Amino acid sequence: MADQGSNSRGKRHVGSHFRGNNNWRSNRWRGRGFHRGNGSRDNVSNEDFVPTSRTTQQIKWAIELFSHQEDMFDLSTVAEDGGFALDYQFLIENKYFCEVWPQFKADLIETPNTTLAVLSLAMYQLLVNKTKQNECDDMREDLCEKSNLTIDVPYVRARLINYRKLTPLRSLRAALFGKLVAVSGTCVRASNITPLCLVLAFQCRTCSGVLTYPQTDGKYETPPRCVLDRDGLQCTGDNFDPLRSSPRNLIVEWQSIRIQENSSENLEIGRIPRAVDCELMQDLVGTCSPGEVVTLVGIVKAVNVKDSDRGCKDSSMFTFYIEAVSIYNDDRGKKFEAETEPLNETMSSCTGLLTFNMKDFHAIRKIHEEPNLFAFLVASLCPSIFGNTLVKAGLLLGLFGGNNSPICTAKGPFSKRSDIHVLIVGDPGLGKSQMLHACSMASPRGVFVCGNSTTNSGLTVTLTKDGKTNGNEYTLEAGALVLGDQGTCCIDEFDKMTGQHQALLEAMEQQSISLAKAGVVCTLPARTSILAAANPVGGHYNRAKTVSENIKLGPALLSRFDLVFLLLDRPDMAVDVLLTEHIMGLHAGRVFA
Numbered sequence: 001m002a003d004q005g006s007n008s009r010g011k012r013h014v015g016s017h018f019r020g021n022n023n024w025r026s027n028r029w030r031g032r033g034f035h036r037g038n039g040s041r042d043n044v045s046n047e048d049f050v051p052t053s054r055t056t057q058q059i060k061w062a063i064e065l066f067s068h069q070e071d072m073f074d075l076s077t078v079a080e081d082g083g084f085a086l087d088y089q090f091l092i093e094n095k096y097f098c099e100v101w102p103q104f105k106a107d108l109i110e111t112p113n114t115t116l117a118v119l120s121l122a123m124y125q126l127l128v129n130k131t132k133q134n135e136c137d138d139m140r141e142d143l144c145e146k147s148n149l150t151i152d153v154p155y156v157r158a159r160l161i162n163y164r165k166l167t168p169l170r171s172l173r174a175a176l177f178g179k180l181v182a183v184s185g186t187c188v189r190a191s192n193i194t195p196l197c198l199v200l201a202f203q204c205r206t207c208s209g210v211l212t213y214p215q216t217d218g219k220y221e222t223p224p225r226c227v228l229d230r231d232g233l234q235c236t237g238d239n240f241d242p243l244r245s246s247p248r249n250l251i252v253e254w255q256s257i258r259i260q261e262n263s264s265e266n267l268e269i270g271r272i273p274r275a276v277d278c279e280l281m282q283d284l285v286g287t288c289s290p291g292e293v294v295t296l297v298g299i300v301k302a303v304n305v306k307d308s309d310r311g312c313k314d315s316s317m318f319t320f321y322i323e324a325v326s327i328y329n330d331d332r333g334k335k336f337e338a339e340t341e342p343l344n345e346t347m348s349s350c351t352g353l354l355t356f357n358m359k360d361f362h363a364i365r366k367i368h369e370e371p372n373l374f375a376f377l378v379a380s381l382c383p384s385i386f387g388n389t390l391v392k393a394g395l396l397l398g399l400f401g402g403n404n405s406p407i408c409t410a411k412g413p414f415s416k417r418s419d420i421h422v423l424i425v426g427d428p429g430l431g432k433s434q435m436l437h438a439c440s441m442a443s444p445r446g447v448f449v450c451g452n453s454t455t456n457s458g459l460t461v462t463l464t465k466d467g468k469t470n471g472n473e474y475t476l477e478a479g480a481l482v483l484g485d486q487g488t489c490c491i492d493e494f495d496k497m498t499g500q501h502q503a504l505l506e507a508m509e510q511q512s513i514s515l516a517k518a519g520v521v522c523t524l525p526a527r528t529s530i531l532a533a534a535n536p537v538g539g540h541y542n543r544a545k546t547v548s549e550n551i552k553l554g555p556a557l558l559s560r561f562d563l564v565f566l567l568l569d570r571p572d573m574a575v576d577v578l579l580t581e582h583i584m585g586l587h588a589g590r591v592f593a
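Mapped onto full-length UniProt numbering, the consecutive letters of the sequence shown carry residue numbers 1 to 593.
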């Protein structure tokens with residue numbers, strides 16, 4: 001572990017992280033009455049637990065609501081997983097809940113820590129009552145009333161789902177600090193799953209007593225003084241030894257991911273896509289991999305950034321991160337691994353990526369009524385480029401892809417590649433780059449890269465050291481092919497990236513990228529259609545040479561392209577007149593691109 005005097009967030013302890021909250025309490029419940037347990041760790045103070053306080057009333061309202069909706073929750077599964085899915089739309093549409101708690105919607109957004117802690121504590125209390133009832137059913141009634149039962153109920157968290165108010169990553173500002181937000185983006189980095197210590201036990205050197213103390217903001221902290229009694233007098237010792245193997249320590253699983261804006265969003269020219277770090281704990285860890293699109297609901301928080309260049313111990317600069325409440329994996333169609341099957345149908349409506357209004361439905365119906373639908377779609381792809389109908393048809397087929405049907409063999413079924421790879425080879429100035437740009441914009445998950453400014457790591461995956469842990473663990477950062485998983489990756493200037501051609505062989509055929517570096521061996525999905533454009537050597541296509549010789553492309557890579565188009569600038573007066581009229585119409589506004 002780190003030194004006891006360490007108060008830096010970046011200095012982690014070997015084997016566990018230390019982050020916590022000052023409001024942690026024991027998870028044991030004795031006797032009767034209202035209990036505050038592990039489910040209320042977040043920002044609910046002891047002063048709130050008086051019979052007339054508003055917090056107590058809110059907990060009672062939530063218990064009443066959950067008691068009448070027990071069919072929505074499998075209490076045994078909730079106790080086992082430590083989390084339960086709570087439908088946001090159900091809460092705001094429930095008449096009883098809206099009457100007794102009309103400010104719930106505002107409280108959830110403005111004070112999410114307290115509101116979610118209330119809901120978690122209500123479920124915790126329901127679990128305690130149910131467990132106590134089951135224990136009493138196995139005993140005689142008179143013995144049950146006289147006995148002082150000890151009931152152990154695990155820590156539970158409310159996982160809010162179906163929260164549809166998405167906030168763009170570029171809109172994360174100081175005004176949203178401490179509030180509940182929902183963001184959508186592509187996971188570009190995922191750290192290893194590591195233990196996180198929320199509460200650590202200490203032994204006083206003066207009285208040898210054992211007490212627990214929360215570890216706040218990832219810092220190793222010791223109690224300021226001992227609060228135990230010794231021979232009828234309160235101990236005043238201030239020296240402690242950590243008990244790292246004590247059963248009173250509270251340790252959960254922790255993982256950090258980075259979410260980046262989707263490339264399909266309207267990004268401003270010249271602006272780097274925004275990204276934000278998100279922290280997953282307990283049942284949320286391991287729910288997404290680099291390259292997958294996720295929708296995450298969480299609380300905006302800030303962490304102090306250490307300015308090492310200026311030699312300051314603590315800096316006044318902060319950076320935002322999101323503490324996840326729930327996460328929906330748009331590729332896998334699920335929130336978190338620990339959810340029950342009946343909740344999947346409810347969660348499937350929370351992707352937030354594709355939203356349609358009545359105008360969109362009318363447009364879809366009108367397109368569907370076209371007599372030649374495929375020709376209409378081909379003409380709609382990059383209309384600013386004149387002609388090249390066959391090339392546009394091939395690109396359109398690459399956007400749609402094929403059917404991923406498994407092939408049955410004697411050794412069992414295996415899946416074949418369903419994505420179509422397209423290569424356009426031709427003279428400069430024929431609109432190859434414009435068509436690739438149009439394809440990347442039309443694809444729900446389109447990635448556009450230029451070959452002369454791309455590296456192997458930028459195409460596949462990068463292995464970097466994680467600065468948030470002890471510095472000895474690695475994280476995976478997804479490249480263009482992984483980010484385009486289940487989408488399209490458009491590569492311009494394909495002939496300029498001869499050094500990176502070998503990295504494409506596995507991705508184009510096996511639809512995956514394997515990594516074996518620094519002791520890390522893993523495979524990431526790269527189920528993407530590669531649409532590439534290349535210029536011939538010398539700037540003009542030589543018909544006396546083969547395609548491979550014109551673009552210096554090896555036969556192993558060329559054979560992986562399903563469609564190869566040659567665009568040649570042949571002199572033709574009739575075609576040149578039509579092309580001139582088309583360009584003049586674009587500039588005059590008579591033809592819409």
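Take the hints with a grain of salt, since some may be wrong.
As a list, the in silico DSS-like pairs of lysine-lysine whose alpha-carbon atoms are at most 27 Å apart [what the hints assert, rightly or not]: (1) K165 x K179; (2) K165 x K301; (3) K105 x K416; (4) K95 x K301; (5) K130 x K60; (6) K95 x K105; (7) K366 x K179.
By construction, these hints were calculated from the structure, which means they are not laboratory data. Just so it is clear, the structure is predicted and the values come from calculations on it, not from any experiment.
To see whether the hints hold, each was checked on the structure:
A threshold of 27 Å between alpha carbons decides the hint, and for K165 with K179 the separation of about 13 Å falls inside it, so the pair holds. The hinted pair formed by K165 and K301 meets the criterion: a straight-line CA distance of about 18 Å does not exceed 27 Å. Under the criterion of a C-alpha separation no larger than 27 Å, the hint pairing K105 with K416 is inconsistent with the structure, at around 48 Å. In summary, the hint linking K95 to K301 is not supported, as the alpha carbons are separated by about 32 Å, beyond the 27 Å threshold.
For the given pair, K130 sits about 16 Å from K60 by alpha-carbon distance, which is consistent with the 27 Å threshold. A hinted pair counts as satisfied when its Cα atoms are at most 27 Å apart, and K95 with K105 qualifies at roughly 13 Å. Proposed proximity of K366 and K179 is contradicted: the alpha carbons are some 42 Å apart, above 27 Å.
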